[in-house]
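Asks: In case you want the letters, here they are:
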Amino acid sequence: MNDRTINVRIAGLGGMGVLRSSLILAELAFRNGLDVKKSEVHGMAQRGGSVCSDVRFGVAVGSPMIPSGEVNYLILMEEADLPLYQMDLSADATVFTASQIPLTRLATKRALNIAMLGLLSSELDFSQDAWRDVIHDYLPPKIHAANDDAFALGRAIAQGEKQ
Amino acid sequence: MTRKFLMGNEAVALGAFHARAKRGTGYPGTPSSEILDVFNRLGGAAAWAPNEKVAAEVALGVAFAGTRAFVTMKHVGLNVAADVLFTAAYSGVDGALVFVVADDPGMASSQNEQDTARYAVAAGVPLLEPADSQDAYDFTRLAFAVSERWKIPVLIKLTTRVCHSGTVVVPRPEDAEAPVAKFNRDIKSHVMVPGHARPAHRQLRKKLAEIAEWNIKEGPNRRIEGCGDLGIITAGVAFAHAKEAAPDAAFYKVGMSYPLPMKNLIEFCNDMKRAVVIEENDPCMRDAILAAGGNLSHVSEEMRFGELNVHRIRGLLSDDTPEVQPVPSGKPPGLCAGCPHDRVFRILKQNDCIVAGDIGCYTLAALPPLEAMDTQICMGASIGMGLGLRHALPEKDARRVVSVIGDSTFVHSGLTGLAEMAYNVPKTGHVLLILDNGTTAMTGQQEHPGTGRTLDAEPASQLDYAKVAKAMNIPNVFVFDVVKEKDAFEQALKNALAKNELTVIIARRPCVLAAARLGAQKKPKGGAL
Ligand SMILES: Cc1ncc(C[n+]2csc(CCOP(=O)(O)OP(=O)(O)O)c2C)c(N)n1
Ligand code: SF4
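Going line by line, the protein sequences match chains F and B.
Counting the first sequence from 1 gives a position; the numbering used here is that position plus 5.
Counting the second sequence from 1 gives a position; the numbering used here is that position plus 90.
Honestly, I wouldn't trust all of these hints.
Here are the simulated EDC-like cross-link-like pairs (lysine to aspartate or glutamate), alpha carbons at most 20 Å apart as the crow flies [unchecked claim]:
no.: 1; chain 1: B; residue 1: K333; chain 2: B; residue 2: D409
no.: 2; chain 1: B; residue 1: K363; chain 2: B; residue 2: D319
no.: 3; chain 1: B; residue 1: K272; chain 2: B; residue 2: E147
no.: 4; chain 1: B; residue 1: K333; chain 2: F; residue 2: E75
no.: 5; chain 1: B; residue 1: K557; chain 2: B; residue 2: D571
no.: 6; chain 1: B; residue 1: K94; chain 2: F; residue 2: D138
no.: 7; chain 1: B; residue 1: K363; chain 2: B; residue 2: D409
no.: 8; chain 1: B; residue 1: K421; chain 2: F; residue 2: D86
no.: 9; chain 1: B; residue 1: K94; chain 2: F; residue 2: E32
no.: 10; chain 1: B; residue 1: K589; chain 2: B; residue 2: D442
no.: 11; chain 1: B; residue 1: K333; chain 2: F; residue 2: D40
no.: 12; chain 1: B; residue 1: K333; chain 2: F; residue 2: D8
no.: 13; chain 1: B; residue 1: K421; chain 2: F; residue 2: E83
no.: 14; chain 1: B; residue 1: K94; chain 2: F; residue 2: E84
no.: 15; chain 1: B; residue 1: K439; chain 2: B; residue 2: D487
no.: 16; chain 1: B; residue 1: K517; chain 2: B; residue 2: E485
no.: 17; chain 1: B; residue 1: K421; chain 2: F; residue 2: E84
No lab work stands behind these hints: they were computed from the structure.
So that you can see chain F by itself, here it is in the shape it has in the complex:
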């Protein structure tokens, strides 16, 4: 990983697992020895409103919020919300959308957030084992298998698209 700070925004509606997946990503970067900052606004999240969480990692991160125009990766779980975040994207940003994941191939649609981390994982330097360890630490054991599959699906889709 180079010195550049990587800025990931995860966005969706309350109840979709936005906060959980941003926690997993931040913890992963943290365990890899990086400086990490994560920022989100709670409160209304549980009542179905729009929520987003910023995760920034690198050698030394400044603000906990991604400055406008500097989002490198946007994970968009609610596609209708794209206009809310568009002006914050960097020129070469990658946007992952929920429509990239065929819902029929998920054991449960609640694993969509982890499938979308699978999409993102193809762009980052963290090992698959490291991803799996954090995901297992942050989800209850009885849903590990479903989420491992979801993650693998997302990763395979992103790698397929890259080729």
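Using the hints provided, position chain B with the ligands relative to the given structure of chain F.
Replies: Only chain B with the ligands this time, still in chain F's reference frame:
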């Protein structure tokens, strides 16, 4: 010690735990609510109080007993606890007392964006402003030390972005044991009658002068040299944004912002070609530095509105006419599917009621699609304001007025409103609905004295709203399950509106989220972070 990745609220809880705080009290309020839960999980003694004033009084009692206590709340909670703070500043404490107060610039989930820094100045208590989780941890530990050294309550001002941002923390070894609690009869310090309060006020000013000296020499402030003309004085999370917005600038990062390390700040201003203050909310540091003769350049008044970020600070520093940032409006939150409040407000709407409302999940009923709440100002206001409307409106409209309050809010500040209702009765009588969903839903489903459970889910005495209303001589008191007894509830409401009498209706039905959560297991104590 190993490094940890913690949210600001977790870092405060860990700091209090490592400082061996004997007790943490508080009342929930976003963004402060997680602190006590985490403190409890770590193994600390934590409890929810009925409101912030009572919470602060309990904590002050612990501190009078010679040991360490802290109390948590959101910014508006300090309005409720202010009576305690102002005179506790005079009395001082025998042990340590820390107020942890969370501001919400930008109002992510609050009714105003008042600045707690004003309270520190008004009451005369030291104020610490963490910028990130490391500061939140360090300053919590420092707050206990300062409080114990000078026998003075200390305020920590958090903000939404500190509370709910995760950053890396390196903790320090825990304190040795906290002082053992013992009763110290000291009537002169502990009983604030005028004869005792007059010297106490002088004593307070003496302590503050000493703390100011200490803050200049060894306070938690940091000067960072830059390589340009610009110098930025800042505090709290604004530091993190400003450092990214202007990496070449020199910085004076203030950690203790009251009493300010003024000598250092004036020096800093004098060393810079151009010095500015970047602070969220009210221009407290700016005004103080200007009053002390500091040489500051102008920054637009826009700064006091909403939350700062890197982009806004770049604009403020380049003195662009700062654009008013459109608040991105995504999907607004709404009541959950199956929420019992939804039933109640539909019925109120159908009956053309004027609804004096209150704060909680049910405030969402003021927004589309329901638009069935007519007033909301602060916790508990529904009852007094409903009575005021009844007193003033012509009879036909007065009859339409209903006060609606949540259960947690009723316990917080509705009891005195109900006493007023029983005492000064409007000509048309009045109707109060207590929405008993068995939880403090809005802030994440905390327990309260009406739920029958303590913070750590132990069984507790349960306040009986119907008995309270009867004890206050309300003639008509009903309890309905608003789902199972919907029609009976509506009929009772219609009858009550038609009469010139006082009626209290308890609309009982559990919050659907809390009901799901109660099935979940009790959290284990003594866990690690
Ligand atoms: C003085 C003060 N303290 C705390 C809050 C935060 N707060 C808003 S509403 C509320 C309580 C909501 O509980 P309840 O009245 O039971 O309604 P519910 O959300 O369960 O519907 C709290 C703690 C506040 N706005 N003001
Ligand atoms: S959290 Fe509970 S009270 Fe709040 S909207 Fe949902 S069901 Fe209603």
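Asks: If a hint holds in the structure, say so; if it does not, say that too.
Replies: Hints, one by one, checked against the model:
At most 20 Å may separate the alpha-carbon atoms for a hinted pair to count; K333 of chain B and D409 of chain B meet this at roughly 17 Å. At roughly 5 Å between alpha-carbon atoms, K363 of chain B and D319 of chain B fall within 20 Å of each other, so this suggested pair holds. With a CA separation close to 17 Å, the supplied pair K272 of chain B and E147 of chain B stays within the 20 Å bound. Restraint check for K333 of chain B and E75 of chain F: satisfied, since their Cα atoms lie roughly 16 Å apart, inside the 20 Å limit.
Simply put, K557 of chain B and D571 of chain B have alpha-carbon atoms about 17 Å apart, close enough for the 20 Å limit, and the pair holds. Of the supplied pair hints, the one linking K94 of chain B and D138 of chain F holds, its CA atoms being roughly 17 Å apart against a limit of 20 Å. Between K363 of chain B and D409 of chain B, the direct Cα distance comes to roughly 16 Å. Compliance with the 20 Å bound is thereby established for this hinted pair. Taking the CA atoms of K421 of chain B and D86 of chain F, the gap is near 8 Å; set against the 20 Å cutoff, the hint holds.
About 10 Å separates the Cα atoms of K94 of chain B and E32 of chain F, which keeps this hinted pair within 20 Å; it holds. Note on K589 of chain B and D442 of chain B: the hinted pairing holds, with a Cα-Cα distance of about 16 Å set against a maximum of 20 Å. For the proposed pair K333 of chain B and D40 of chain F, the alpha carbon gap of about 16 Å is at most 20 Å, so the pair holds. Among the hinted pairs, K333 of chain B with D8 of chain F is consistent with the structure: their alpha-carbon atoms are about 17 Å apart, no more than 20 Å.
Taking the CA atoms of K421 of chain B and E83 of chain F, the gap is near 10 Å; set against the 20 Å cutoff, the hint holds. A hinted pair counts as satisfied when its Cα atoms are at most 20 Å apart, and K94 of chain B with E84 of chain F does not qualify at roughly 34 Å. Restraint check for K439 of chain B and D487 of chain B: the C-alpha separation of about 14 Å stays at or below 20 Å, so the hint holds. For the suggested pair K517 of chain B and E485 of chain B, the alpha carbons sit about 8 Å apart, so the restraint of at most 20 Å is met.
Proposed proximity of K421 of chain B and E84 of chain F is supported: the alpha carbons are some 12 Å apart, at most 20 Å.
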